[in-house]
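Read off the chains here:
Number of protein chains: 2
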Amino acid sequence: MSGEAELVRRYFAAGPRRSDVLLGIGDDAALLRPPHEDALVACTDVLTEGIHFPVDTPAEAVGHKALAVNLSDVAAMGARPRWALLALGLPRPDPQWLAAFARGLMDLADQAQVALVGGDLCRGPLSATVTLLGSVIPGRALRRSGARPGDELWLSGTVGDAGLGLEVVRGRVELEAEAARFCIQRLQRPTPRLALGQWLAGRATAAIDVSDGLLIDLQRLCEASGAGALLRWESVPLSPPVAGWVARHPERWRLPLTAGDDYELLFTLPPGTGRMLKRAALEVSCTRVGEILAEPGIWVERGGVRQPWSGAAGYDHFAGPA
Amino acid sequence: MSGEAELVRRYFAAGPRRSDVLLGIGDDAALLRPPHEDALVACTDVLTEGIHFPVDTPAEAVGHKALAVNLSDVAAMGARPRWALLALGLPRPDPQWLAAFARGLMDLADQAQVALVGGDLCRGPLSATVTLLGSVIPGRALRRSGARPGDELWLSGTVGDAGLGLEVVRGRVELEAEAARFCIQRLQRPTPRLALGQWLAGRATAAIDVSDGLLIDLQRLCEASGAGALLRWESVPLSPPVAGWVARHPERWRLPLTAGDDYELLFTLPPGTGRMLKRAALEVSCTRVGEILAEPGIWVERGGVRQPWSGAAGYDHFAGPA
Numbered sequence: 001m002s003g004e005a006e007l008v009r010r011y012f013a014a015g016p017r018r019s020d021v022l023l024g025i026g027d028d029a030a031l032l033r034p035p036h037e038d039a040l041v042a043c044t045d046v047l048t049e050g051i052h053f054p055v056d057t058p059a060e061a062v063g064h065k066a067l068a069v070n071l072s073d074v075a076a077m078g079a080r081p082r083w084a085l086l087a088l089g090l091p092r093p094d095p096q097w098l099a100a101f102a103r104g105l106m107d108l109a110d111q112a113q114v115a116l117v118g119g120d121l122c123r124g125p126l127s128a129t130v131t132l133l134g135s136v137i138p139g140r141a142l143r144r145s146g147a148r149p150g151d152e153l154w155l156s157g158t159v160g161d162a163g164l165g166l167e168v169v170r171g172r173v174e175l176e177a178e179a180a181r182f183c184i185q186r187l188q189r190p191t192p193r194l195a196l197g198q199w200l201a202g203r204a205t206a207a208i209d210v211s212d213g214l215l216i217d218l219q220r221l222c223e224a225s226g227a228g229a230l231l232r233w234e235s236v237p238l239s240p241p242v243a244g245w246v247a248r249h250p251e252r253w254r255l256p257l258t259a260g261d262d263y264e265l266l267f268t269l270p271p272g273t274g275r276m277l278k279r280a281a282l283e284v285s286c287t288r289v290g291e292i293l294a295e296p297g298i299w300v301e302r303g304g305v306r307q308p309w310s311g312a313a314g315y316d317h318f319a320g321p322a
Numbered sequence: 323m324s325g326e327a328e329l330v331r332r333y334f335a336a337g338p339r340r341s342d343v344l345l346g347i348g349d350d351a352a353l354l355r356p357p358h359e360d361a362l363v364a365c366t367d368v369l370t371e372g373i374h375f376p377v378d379t380p381a382e383a384v385g386h387k388a389l390a391v392n393l394s395d396v397a398a399m400g401a402r403p404r405w406a407l408l409a410l411g412l413p414r415p416d417p418q419w420l421a422a423f424a425r426g427l428m429d430l431a432d433q434a435q436v437a438l439v440g441g442d443l444c445r446g447p448l449s450a451t452v453t454l455l456g457s458v459i460p461g462r463a464l465r466r467s468g469a470r471p472g473d474e475l476w477l478s479g480t481v482g483d484a485g486l487g488l489e490v491v492r493g494r495v496e497l498e499a500e501a502a503r504f505c506i507q508r509l510q511r512p513t514p515r516l517a518l519g520q521w522l523a524g525r526a527t528a529a530i531d532v533s534d535g536l537l538i539d540l541q542r543l544c545e546a547s548g549a550g551a552l553l554r555w556e557s558v559p560l561s562p563p564v565a566g567w568v569a570r571h572p573e574r575w576r577l578p579l580t581a582g583d584d585y586e587l588l589f590t591l592p593p594g595t596g597r598m599l600k601r602a603a604l605e606v607s608c609t610r611v612g613e614i615l616a617e618p619g620i621w622v623e624r625g626g627v628r629q630p631w632s633g634a635a636g637y638d639h640f641a642g643p644a
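If you read the sequences in order, they're chains A and B.
Here the first sequence stands for residues 1 to 322, numbered as in the working numbering.
Here the second sequence stands for residues 323 to 644, numbered as in the working numbering.
Please keep in mind that the hints were generated in silico from the structure rather than gathered at the bench.
Just so it is clear, the structure is predicted and the values come from calculations on it, not from any experiment.
Hints should not be assumed to be uniformly reliable.
[Claimed, not checked] Here are a few chain B residues that face chain A, going by a calculated C-beta distance under 8 Å:
#, residue
1, ARG340
2, VAL343
3, GLY346
4, ILE347
5, ASP349
6, ILE373
7, VAL377
8, ASP395
9, ASP429
10, CYS444
Don't be surprised by glycine CBs; every beta carbon is placed ideally from N, CA and C.
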């Protein structure tokens, strides 16, 4: 079997050329030309088999998602992605698996114009850690901490698709073929909301990506902002498969709020400015789902009744699922 | 058990304050002020239990080494480290283990003036992936590719200590207590050669850090430079424990050349300039071990006989040990 250097050359050498890469893969470290005026943005996220994705997830989906979850973090800062580093643990060198993984990752890198500039490929439990670097005008970066009472609370896309997809993959829920395909696709190949995040930069007062669950990520945004929020259940955008499933299983109405893995953007806008968003032609539709309150705490309004939301509200990596 | 955010706050919030960190741990990504004139340097390295370090390695040593191996890559570029991100997989949240790991990592971060600006802490097989960012004046960055025929070949510190330490840990070799302690210390707590790397920037023609083994890393430097090298066995610097052990086991003389995990710098200097290095007061002594040849290939001179070195020469992450 070939060594590390050859595997990297074979599968990861392609990808977009960026003039800000002075020295890419192949030395002790990459050399990059930093942005002149912008701030750097940096984040890292791990996907481990059996924890973050089920055993037997297609390799191409793992490659796609390993980059997508990091692109989603960069989107939530209002930033543009530039460069990625990949640490990949493989139980054994499996050229077929590796080729498919690389295809999934590099296709998305092409779309997002991200150059893969370094990494570490080694034996170990199946796990992919991507570190992503990007840039943003400092004063326009989206933080979690800027939400103010009265701000409108908005959400991109729909929530619950990936959570329901995971139930399908685990054999706990049965859906019609097309609905199942849609939900599994949303689970395995999330779409980072890069254009939306960049549009929101300098416009939204706060933003976070919904990775662990709508409610837990809303709680994080509110805690960072020293505020509370009201979420209107009837306004929460659901795809037809999830809406239909929840209608058939009303006792599971919380799933779209807690299941996580949605990679949509949750953000706040100054009162009255949501109309701008409606007019901007963006990649994904956005929906107003509530508002920011002065008092700490999350309230959920459903069927005309407001109730405080308490307890676990999503996936915490150590506390476990809600 | 506490959730991820609290664990991070408790164990990783301290560390050096840097004015170039605009927003650290706690949002979707960090915001950093990039260097004005310098190039950015970026690298990532994984340590996985049972692969890169033996089961039951002290947590503090794992924390130290996870950062040290990346600092060594930055040193090999002649760069200054600035910021680190940590992806840590833990089979279960073990506060004692985590506290010791964090102590090992943060102590070295303090010494190297590196700010930990982000990360991902999650359940999974025990594994620590650090991504390190630094900066260097672009024209002075040390690459592997600049060695020219006639250049002097130099090495910092000693090689073989960590390799012998691993043999001791695995119970394959017995040493006197003090010698064993020294070798295990070198295995578990390598010292990145940051000051040396920065001194070499703009002076050395090529450099690489010896992580996988002196010979394999020399091969990589020579391949990148389109050159060959002569290595004089009698000049290779050995610590007293390794020198003594090799004297007692002459058939194992290759161990210091192939064992890896040394994290010393191997570099080339223009002919006649090695004296400068001797005069500069650096953190570690350096030794001339050979020279660069025009013809590709590695030659080892031992007992007055030159032989071509062929075959595996160190640790390849997929081909396995030599």
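Structure-based check of all given hints:
no.	hint	result
1	ARG340	violated, 13 Å
2	VAL343	violated, 10 Å
3	GLY346	violated, 10 Å
4	ILE347	violated, 11 Å
5	ASP349	holds, 5 Å
6	ILE373	holds, 5 Å
7	VAL377	violated, 13 Å
8	ASP395	holds, 4 Å
9	ASP429	violated, 21 Å
10	CYS444	holds, 4 Å
Against the hints set out earlier in the document, violations occur for numbers 1, 2, 3, 4, 7, 9.
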